[in-house]
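Chemist: Each chain is listed here by its residues.
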Amino acid sequence: MNLTIESISQDSYHLITLNGDVDTKTAPALLEALTALELSAIQELRIELAQVGFMSSAGLRALVFAKQKMPHGSRLVLVGTSDEIADVITKTGLTQAVTLVASHDEA
Amino acid sequence: MLVDRIDALPTDEIAGFKVRPGKPLPFGVSHTPNGLNFSIYTSAGTACTLVLFNRGEEQPFAELPFPENYRIGDVFCMVVFGLDYEDLEYGFRIDGPHDPGAGHRFDPSKVLMDPYARLIAGRDVWGETPNWDRLYPYRARVSFDDFDWEGERPLEIPSEDLVIYETHVRAFTQSPTAGVKHPGTYAALVEKIPYLKDLGVNAVELMPIYEFDEFENSRIHPDTGERLYNFWGYSTVGFFAPKAAYAATGRFGMQVDEFKQLVKTFHRAGIEVILDVVFNHTAEGNEHGPTLSFKGLDNKTYYMLTPEGYYFNFSGTGNTLNCNNPIVRNLVLDCLRYWAAEYHIDGFRFDLATILGRDPWGAPLSNPPLLESLAFDPILSSCKLIAEAWDAGGLYQVGTFPAFGRWGEWNGKYRDCLRRYLKGDEAQVGQFAQRVQGSPDLYNPSGRSPATSINFITCHDGFTLADLVSFNHKHNDANGEGNRDGGDDNHSWNCGAEGWTDDPGIKALRQRQMMNAMAMLLTSRGTPMLLMGDEFGRSQHGNNNAYCIDSAISWVDWSLLEGNAALHSFVRALIRFRHQHPALRVNRFDAPGTALFPSCSFHGTHPWSPDWSDQSRQLAWLMATDLPDQGRIDAVYVATNMAHFASWFSLPQLPEGYRWHLCFNTGDATQPFNPEEPPFDDSGILLGDRSVVVLKVMST
Amino acid sequence: MNLTTSTFNGWNAIHVEGQVDSKTVTTLRDYIDSEVNEAIPVALDLTAVPFMSSAGLRTLLTLHRRTQELQVDLALVGLSDSIAETMRVTGFYDFFVIYADLQSLPPRG
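Chains as they are written, first to last, in the working numbering: chain A, 2 to 108; chain B, 30 to 729; chain C, -17 to 91.
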């Protein structure tokens, strides 16, 4: 299944909206979108996951990559993660690195 | 100013040549005023004849029987005048009992090679089909031992500071991709010195370069019709001579100078030369093998024989050299002393070394005289002595090899543990913690140090690193033995597909696993050893036993360097890092800690509390040492996560005035190492699945 | 082996013709001994030498040592590619000053 990626810079954060599945085939595109950003200068990166049904380890790896490049004290916020994906994120200890919120209001 | 020496004149004449009684020492052939001294010993032979040939000629031009009064003890010695030393090839005929049951195989119809031959002709071109009917195939010649070292001498780099690179002279440069003038030779190896120096290794370990027969056990592959050889060379014809066919000047007989020039050039580049030496068996095989030298000179002395006169086979190859026989012991000692003194060799790695500790009937000795002699010999005292501490007879002595405080060991347990940890096997963490410290469980009880442990993931025996992460099973069909040869316990994992794949996920994982393996190897205490070409992903297409292959399968493919530049840069950076951090090279098990940290401590996802359970796939180590001369401490933290999910590691807290710096992160495919080693201020670090991170401590 | 001398641009040129090996080195060495003169630099012309053996290379090096002792310049001229390569590989090359031919010799007064 395809994955569409929208990458928009807002005032106080950068937003990436994903629509589709993040798997071995589509994760490279996500990685590319992240690499295109100047992550070391971003204080807050939000990733909208409400329209993402499945996230493989390749996708998680892309998130790990992003967080590692961001500056000390910055935030990586995942918005609207499904229960399944949130579960995986918790199990892998990624909760230390990301903030999970249900909607942009809570961010 | 020439003194009139009494022994410059002949006293007799034999077969038309002026002669005089010779000197027993040195053994072999040596220059005297106006003549050549020949010395050969045989304990059971009854008569000896010196056989002289002109270079390349099939039949001798003279045969000089040694008179009885030209013998001292068991040594026949004679000075012959008026010989052209450069054109001469010499051999011996020995007469004695032919009684195989009693161990004697004397045969005066054979012309035998001097075991002390320092220059051997007759097989100057690699792979040229020999004339099997030749009367005298391996021909001893007279060499010069007058090389001008211009002050160069062995480097004596401390063992713990070595990064060893195992290489095979022919395989390293035979491929057209190597781009050298004389492929497959000592000269070509010298051409690659700039590459090796840039990589950062400071010792090369050369697979056998003693004269050996690549046609030993040679056969044709039943399906492909290709010829298979004794490619690796683990079988010796002449212990004192460099293999002629490995020399660009071999056809001129200049291999002695060429090899010394190789050692000199390596030393000038700051790289030691270690030789892989094979004292466990010779090319003569068992009772069905050829008689080239030892078998006809003194069979019972040189070989371990059963009471019926058959050959013990602890080497798995036909015969076993009788190393703890006092005569053979002296030969081994003479040999190593010769290479150390005349060739300035920095160290020796002994193939199937446990054989050196067996008595003449094969039983393991608790205090083997040979190993003791080697450990305490004055000429060898600065040489590294490294044992492959096992043999084909089932004697496995890693950790118990009789070391006399001097020997290093290929640590097979390090290799296995690292491989298993790398692929995520359970119950590895506890053992792995021992391995990364230099294996105190194996070496501390006998009072040895971490550098004793030669740590490696790969060597010539087994998969290359690229194949270790690409194959679950061996694929040795090219060896023509129906894939039955080679070990099956490779502890390898193909990352999701067997062999070649175009799946980007699998390829990325393989790359990361190779980097993980190298990172863990090069941040372990002990002495690391790398296999040639692993730094740019050399592959043998799944062949884990390429001992007989002379083709692109076994030859290093230098074109991989371009495509695998990222891996190469990474390994290069790791080697550089190791040289810069004494904390990784501490050579004591009971090293004192520093004011900040103990010498070596283990951690898990939480500092100071590693998870030792069977299910744990994470381990971090922090190594530290004081550098009083520089007024600072050196500390390196390595976190490893071999689980299939990411993991957050909380870092040990640093006191005021100190800061972490991020040096390596295999999980970041775009930048696995950062040459700037930027500061890292988070309280913890996220490790991706199957990743290794390396941080260092610096004061602010 | 044939040996002749000539002078060239202030150099004492010794022309060697034939193989230099254990059979001919003594002749070469004795000849050079008689020709080396403390004042004049020596150019050993090896253009007509197809092969030098180990003994030949050693004689060259000994000659080099001798001329150094006498403070006489020594140059090798006209080395064939294969001899030059052999000398490089066996470590003899770097001891010498080498010119492609006699014409390349810097003139000496």
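Treat each hint with caution, since some may be false.
Claimed, not checked - Taking lysine-lysine pairs in the DSS-like style, the calculated list, with each CA pair at most 27 Å apart, reads: (1) B:Lys442 x A:Lys26; (2) A:Lys68 x B:Lys536; (3) B:Lys452 x A:Lys92; (4) A:Lys92 x B:Lys47; (5) B:Lys452 x B:Lys329; (6) B:Lys452 x A:Lys68; (7) A:Lys70 x B:Lys47; (8) A:Lys26 x B:Lys452; (9) C:Lys5 x B:Lys226.
By construction, these hints were calculated from the structure, which means they are not laboratory data.
Chemist: Would you check the hint for lysine 452 of chain B and lysine 329 of chain B, treating anything up to 27 Å between C-alpha atoms as holding?
Modeler: At roughly 49 Å apart (the allowed maximum being 27 Å), lysine 329 of chain B and lysine 452 of chain B break the hint.
Chemist: Given the proposed pairing of lysine 442 of chain B with lysine 26 of chain A, does the C-alpha separation stay at or below 27 Å?
Modeler: Not OK: lysine 442 of chain B and lysine 26 of chain A at ~39 Å, beyond 27 Å, violated.
Chemist: Between the alpha carbons of lysine 92 of chain A and lysine 47 of chain B, is the straight-line distance 27 Å or under?
Modeler: violated, 91 Å
Chemist: Between lysine 452 of chain B and lysine 68 of chain A, is the straight-line Cα distance small enough, at 27 Å or below?
Modeler: holds, 26 Å
Chemist: Are the Cα positions of lysine 452 of chain B and lysine 92 of chain A separated by 27 Å at most?
Modeler: Judged against 27 Å, a Cα distance of about 20 Å means the pair holds.
Chemist: For the pair we were handed, lysine 68 of chain A and lysine 536 of chain B, check the Cα-Cα distance against 27 Å.
Modeler: Roughly 23 Å separates the two Cα atoms, so the pair holds.
Chemist: Below or equal to 27 Å on CA atoms is what counts here, so check lysine 26 of chain A against lysine 452 of chain B.
Modeler: With a Cα-Cα distance of about 24 Å, the restraint between lysine 26 of chain A and lysine 452 of chain B holds, given a limit of 27 Å.
Chemist: Against the 27 Å threshold, does the CA-CA distance of lysine 70 of chain A and lysine 47 of chain B hold or violate the hint?
Modeler: Answer violated: lysine 70 of chain A to lysine 47 of chain B is near 85 Å, above 27 Å.
Chemist: Is the Cα-Cα distance between lysine 5 of chain C and lysine 226 of chain B 27 Å or less?
Modeler: The hint is violated at about 42 Å.
Figure legend: structure checked against the earlier numbered hints; hints not met, in rising order: 1, 4, 5, 7 and 9.
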